[in-house]
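Colleague: This is what each chain is made of:
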Amino acid sequence: DVKVTQSSRYLVKRTGEKVFLECVQDMDHENMFWYRQDPGLGLRLIYFSYDVKMKEKGDIPEGYSVSREKKERFSLILESASTNQTSMYLCASKRGLLTDTQYFGPGTRLTVL
Amino acid sequence: AQSVTQLDSQVPVFEEAPVELRCNYSSSVSVYLFWYVQYPNQGLQLLLKYLSGSTLVKGINGFEAEFNKSQTSFHLRKPSVHISDTAEYFCAVSGNDYKLSFGAGTTVTVRA
Numbered sequence: 007d008v009k010v011t012q013s014s015r016y017l018v019k020r021t022g023e024k025v026f027l028e029c030v031q032d033m034d035h036e037n038m039f040w041y042r043q044d045p046g047l048g049l050r051l052i053y054f055s056y057d058v059k060m061k062e063k064g065d066i067p068e069g070y071s072v073s074r075e076k077k078e079r080f081s082l083i084l085e086s087a088s089t090n091q092t093s094m095y096l097c098a099s100k101r102g103l104l105t106d107t108q109y110f111g112p113g114t115r116l117t118v119l
Numbered sequence: 167a168q169s170v171t172q173l174d175s176q177v178p179v180f181e182e183a184p185v186e187l188r189c190n191y192s193s194s195v196s197v198y199l200f201w202y203v204q205y206p207n208q209g210l211q212l213l214l215k216y217l218s219g220s221t222l223v224k225g226i227n228g229f230e231a232e233f234n235k236s237q238t239s240f241h242l243r244k245p246s247v248h249i250s251d252t253a254e255y256f257c258a259v260s261g262n263d264y265k266l267s268f269g270a271g272t273t274v275t276v277r278a
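Respectively, the protein sequence lines represent chains V and P. Just add 6 to the spot in the first sequence (first one is 1) and you have my numbering. Just add 166 to the spot in the second sequence (first one is 1) and you have my numbering.
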């Protein structure tokens, strides 16, 4: 079974802090994704990566950056957390074909005070 | 670019009754369509997907969906629901890139 793990299930940070969300997948997938999930908005893509050190902006990249130094690990960084970044963050991974399934981690619920 | 509209935000249903969740999409290219389920406090899990071929797709847990190209729809159905089907359901579409576009979600609440 594919496994996508996220470093924290719940996280509470203060405004202005630098926040790191970590995601690891164990199936040698080329593609990895970060989404945020908000009620009534579904999932919105923040960034994705199609290879090590490669990244592309999604639909809502402002206020976020990412890092992919190893194939299995994809980090989401909030340089200076703000209250409007309070949300559920979901990581996903998939193989290289367009038709392949995306597999999701359990999510990190981030609260910024 | 693709977009997805889920026509119902909340669907209450009694146990053993049928349920249908409606999904419409818009796209200028050929699409691949997906339904995901999210149980409380969990990540998303794939229910089924349409890639090509037969327009009726069967998935896990007794769910099925029908692709209708002329109506640009991909509605999800289950003939008899269980309490354990209480969850949020997301329709998603991808085109000729690696990105998935998700609908806003439909919350299904099954009552005894």
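Among these hints, one or two may not hold up.
Pair ranges (Cβ atoms, derived) [stated by the list, open to error]:
| hint | chain 1 | residue 1 | chain 2 | residue 2 | range |
| --- | --- | --- | --- | --- | --- |
| 1 | P | Asp263 | V | Asp44 | 29 to 39 Å |
| 2 | P | Leu212 | V | Val18 | 42 to 52 Å |
| 3 | P | Val177 | V | Asp44 | 15 to 25 Å |
| 4 | P | Ala278 | V | Met60 | 31 to 41 Å |
| 5 | P | Ile226 | V | Met33 | 15 to 25 Å |
| 6 | P | Ser250 | V | Tyr16 | 23 to 33 Å |
| 7 | P | Ser250 | V | Arg101 | 46 to 56 Å |
Listed below are the simulated DSSO-like cross-link pairs for lysine-lysine, each with C-alpha atoms no more than 30 Å apart in a straight line [stated by the list, open to error]:
| hint | chain 1 | residue 1 | chain 2 | residue 2 |
| --- | --- | --- | --- | --- |
| 8 | V | Lys59 | P | Lys235 |
| 9 | V | Lys19 | V | Lys76 |
| 10 | V | Lys9 | P | Lys215 |
| 11 | V | Lys61 | P | Lys215 |
| 12 | P | Lys235 | V | Lys77 |
| 13 | V | Lys61 | P | Lys265 |
The set of hints was computed from the structure by calculation and includes no laboratory data. Source: prediction; values computed, not measured. No residue lacks a Cβ here, since even glycine has one placed at the ideal position from N, Cα and C.
Colleague: Would you mind marking each hint as holding or not holding in the structure?
Modeller: Now the hints, each set against the structure:
Asp263(P) and Asp44(V) have their C-beta atoms about 23 Å apart, which leaves the hinted 29 to 39 Å range violated. Checked against the hint of 42 to 52 Å, the C-beta distance between Leu212(P) and Val18(V) comes to roughly 31 Å, which is inconsistent with it. A hinted range of 15 to 25 Å for the beta carbons of Val177(P) and Asp44(V) is consistent with their spacing of about 20 Å. Take Ala278(P) and Met60(V): their Cβ atoms lie about 50 Å apart, and the range 31 to 41 Å is violated.
The given range of 15 to 25 Å is respected by Ile226(P) and Met33(V), whose C-beta atoms sit roughly 19 Å from each other. Taking 23 to 33 Å as the suggested C-beta distance range, the pair Ser250(P) and Tyr16(V) conforms, at roughly 25 Å. Taking the beta carbon of each, Ser250(P) and Arg101(V) are about 30 Å apart, not inside 46 to 56 Å as hinted. With a CA separation close to 38 Å, the supplied pair Lys59(V) and Lys235(P) exceeds the 30 Å bound.
Restraint check for Lys19(V) and Lys76(V): the C-alpha separation of about 26 Å stays at or below 30 Å, so the hint holds. With a C-alpha separation of about 20 Å, the suggested pair Lys9(V) and Lys215(P) falls inside the 30 Å cut-off, and the hint holds. Under the criterion of a C-alpha separation no larger than 30 Å, the hint pairing Lys61(V) with Lys215(P) is consistent with the structure, at around 26 Å. This hinted pair does not check out: Lys235(P) and Lys77(V) have alpha carbons roughly 37 Å apart, beyond 30 Å.
Taking the CA atoms of Lys61(V) and Lys265(P), the gap is near 13 Å; set against the 30 Å cutoff, the hint holds.
Taken one by one, the earlier hints fail for this structure at numbers 1, 2, 4, 7, 8, 12, listed in ascending order.
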